[in-house]
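Undergrad: Protein sequence lines, in the order shown, are assigned to chains Y and H. Count the first sequence with the working numbering and you get residues 908 to 1464, in order. Count the second sequence with the working numbering and you get residues 908 to 1464, in order.
It is worth saying that the hints were derived from the structure and are not from the lab. Fair warning: there could be bad hints in the mix.
[Unchecked claim] Straight line, CA to CA, 20 Å or less: simulated SDA-like cross-link-like pairs of lysine to any residue:
no., chain 1, residue 1, chain 2, residue 2
1, Y, K1266, H, K1197
2, H, K1244, Y, I1238
3, H, K1197, H, R1119
4, Y, K912, Y, I994
2 protein chains.
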Amino acid sequence: MADQKLLVVPLGGVGEFGMNITALRCGDDIIVIDAGMMFPDDELMGVDIVTPDLTYLVQNKQYVRALILTHGHEDHIGSVPFFLSEINVPVYGTAFSLALVERRLEEHEIRDQAELRTVKPRDKLVIGPFQIEFIHVTHSIVSAVALAITTPVGVVIHTGDFKVDPTPTDNELFDLHTLAEYGKRGVTLLLSDSTNADRPGYSESERAVRPRLEELLSRSPRRVLISCFSSSIHRLQQVIDLSQQAGRKVALVGRSMINVTEIAHSLGLLEIPDGILVRPSDVMQMRPDKVTVLISGTQGEPLSALARVSVNNHKHVAVEPGDTVALSSRIIPGNEKLIFRMIDHLERRGADVQYGTMKPPLHVSGHGSSEELRLVLNLVRPRYFVPIHGEYRQLSKHARLAEHLRHAGLEETFVMESGQVLELDRHGARKAGQVPVGRICIDSGTVDEVVEDIVIRDRRHLSEDGIVIPIIAVSRHTGRSETLPEVVSRGFVSDEDGSSDLLRQARQVVARTLESSSQEERTDHGVIKEKVRADLKRYIVKQTSRRPLIMPVILDV
Amino acid sequence: MADQKLLVVPLGGVGEFGMNITALRCGDDIIVIDAGMMFPDDELMGVDIVTPDLTYLVQNKQYVRALILTHGHEDHIGSVPFFLSEINVPVYGTAFSLALVERRLEEHEIRDQAELRTVKPRDKLVIGPFQIEFIHVTHSIVSAVALAITTPVGVVIHTGDFKVDPTPTDNELFDLHTLAEYGKRGVTLLLSDSTNADRPGYSESERAVRPRLEELLSRSPRRVLISCFSSSIHRLQQVIDLSQQAGRKVALVGRSMINVTEIAHSLGLLEIPDGILVRPSDVMQMRPDKVTVLISGTQGEPLSALARVSVNNHKHVAVEPGDTVALSSRIIPGNEKLIFRMIDHLERRGADVQYGTMKPPLHVSGHGSSEELRLVLNLVRPRYFVPIHGEYRQLSKHARLAEHLRHAGLEETFVMESGQVLELDRHGARKAGQVPVGRICIDSGTVDEVVEDIVIRDRRHLSEDGIVIPIIAVSRHTGRSETLPEVVSRGFVSDEDGSSDLLRQARQVVARTLESSSQEERTDHGVIKEKVRADLKRYIVKQTSRRPLIMPVILDV
């Protein structure tokens, strides 16, 4: 034991936003904490989700013993199906996290092969040389845990994602006691959530949104549509309770909103009073002041329920003048344009859209700000510290927040980036090389109701299927495309004679997509890009069975 | 006079962000208020600035009498050179606004032809049927005015941009008295700034940033770099004063920072104590705790001074561990990625970067929030109201803020979009048709030191010079481009034999640009796109004298 070594290998989420995954290796035993995805930003347009490169784990497949999940957000569990199809090991997590995983596995038709093992806070688990204790933390999702992992070289604490909410709506307090206990006995390494390290002070309690929601639901003269993440069970509970109080029925709209509330309800995490739910198809028949619509699509995703409502293209729900729409969510950096355009559409239809910062707040963050991060640092008093979950600036701010612990036993803070290896032994800790990491782009069906034949695509093999770029000139003011769209390609079909049948047909496909869209959709780059991409993909897959990357370029003229 | 008509024609800035310009027409007389530009967003990558389509004014050239400027921000004066080269009429504005215009005219070598006429607040001016009074307002830039325009159909108030700052740093209060006077006598139409209509409450006074700046400058252990808009003279004055108090000299870095401070100083609007300025080339030789660097580039513009510093590519200034960098500015939506990457680069070099929301604030907005907008609405009590300067959601929020005036004489609010015409006569006001509007893309030199042979390009004539799309696959983790870049084009050169010499050479040009860039630059899409665009443009212009639109596509692999 004396010369045992522990390797800590963040494979994602360190120096980048999302896609959290960290491996701990001790001799021939590896455990993996979380397997998240990231949403592609504009620059990755042409793919649906992005997952971490698992090469390091696949190469050491025989040593991987377990996948352990801290909570059920997509940036922590979104890659589990891809992970398990490569490395089929038991998955540990709380009941809610595993239920969300189960849903994804069913979609990928691999539920049967997976071994899901439910744990509770305070449970202890021994896996090879690792003893793992689960510690309840407060976060925007229910059933989130931190991990205390006792290893041959000492205790490692991994916080998962957290805030220190003094008044959680479910009254389940952050288990600071257990954390303090470990801190007292001595912690070798702390890995802690840095998402809000660049925010001063404290994050507000989840309970702080109650007055704003109450005002919205009791004072609004007509229909109220509230959009939040479907996994924000605390938020949903408050909306449901306050709707009941205001005499409103509640409709759940959007696939994820319906699925996740069913799961939370069946696990006893969400109380739904009898008779309060109404079907989406009934919304427009009800008295407008007697209904609340809980709807997915806070980030303006072009095919989400709320985005469809905003361009009057939803099967069941429409907004009418005097309706109120509230975005009870943060604007994820990079999504501003999509979100603001959706808001503009909703305002054009006469809705009063509530969003952004206000007092009392319409949204509070699920991640701890500087003083909460300091509190956890002070309780744990680690010998070594690695900030995780954040881009470089957040990690670096978090490192600075730990500076004062130099006088309380902190020997060194390592600001790492994904793929860097931290090695710990009885002599101490040090950076020790690099393993392969990267981003794998996943190309799924584009229609959100149908998850069909998902293809994993590695951008490094782009050359295999090539790239297709539809170029569309749209007049911003008339919303018309004045000329036939261009379609250029590389590495896909030979365009040598400038008259390839396929590309000529592709131009017609794009033209038809434009014609069949409303002016509102045509002047909205986000929507039109997504529609063109979906239609063109369907056409190309059908004609060629190949899946080139499709990156529409829209020019305002 | 009895059957005279007034047409109000916003040609930009209404339903879109930036590019503010509004025409007022009465019979055969037209005056134009402001002629701004907008910065192109990602989707317009491939051009440098965007100006309004002036077709309506050019067609009615013989009736245009004057261009009147409310203040010197680029979104109000940035198109003046292009305006005057089409329609050469006298330009009226305060001394500072005109000095900023003069600088742009000199760059375009058309200063001699222009007739600039300086006005002061309370000045009155008669132009045809219009009598115009200039009213001092508080804003982030000095010497901003609102306009009270007496016309045959009544008084029109145009606020320009404003906040109602109760304690402006120069003690020049918003002239609420004059505004109130007009309100009392009766105002037919109010056009008012909507930029912050979606923010509740009051914007903080410019003076509110003083405690934060004071702490930064007196407590930071080493060099402090502060970035703000060069035209924020109030902010610069505070930084200079507090630097002196903290025993720091000040270096001005970045072309616009140097030019604008010279102008403000020469007009007596900026006090620069003797001996406080040092040259940028001296910064690195001075004791780090004895110098403040005022530097341009708050928005992470890839070729700006601060962006260059962030990748250690500036001629004179570098950041070193322990330095402090403060972004005393807002993050303009759409610029998040560029800004956050710049911050990451600076943090990697060991700088402590201060940005975002904090108390006391590091930045305050120059635009009034809801309650300030209400105050102006209540003072003016117009018969008709048109919210201007904002995207649809801000205009629509602003319209809602005026609802209560229905009981105080407000007959109707018109939420308009650029190009829509409002017609007023003795019977009332109504929307009356549409004039041509649009966005003209300006393709200037890409090197910020040299403004060379500017070409006005109308996207509608894209077909003339075509489009060139360099496609570059960069490994995010190694920063290497593994394969030779692809270059595809349409409507530019014939690529029929797939081996066009020009495009083959173009691939080499792009490859050389990549090779000559640092890894830091290669993994930063913003920087690498801009460098590829600049180098490829230079090559193509030289070889062909044509100017295709160049839109680099970077793929993370």
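Undergrad: Please go over all the hints and tell whether each is borne out by the structure.
TA: Hints, one by one, checked against the model:
Proposed proximity of K1266/Y and K1197/H is contradicted: the alpha carbons are some 41 Å apart, above 20 Å. For the hint pairing K1244/H with I1238/Y, the CA-to-CA distance comes to about 13 Å; that is within 20 Å, so the pair holds. Taken as a hint, the K1197/H and R1119/H pair is honoured in the structure, with Cα atoms around 18 Å apart against an allowance of 20 Å. Between K912/Y and I994/Y the CA atoms are separated by roughly 24 Å; this puts the pair beyond 20 Å, and the hint is violated.
Going down the numbered hints, you'll see the structure goes against 1, 4, while the others check out.
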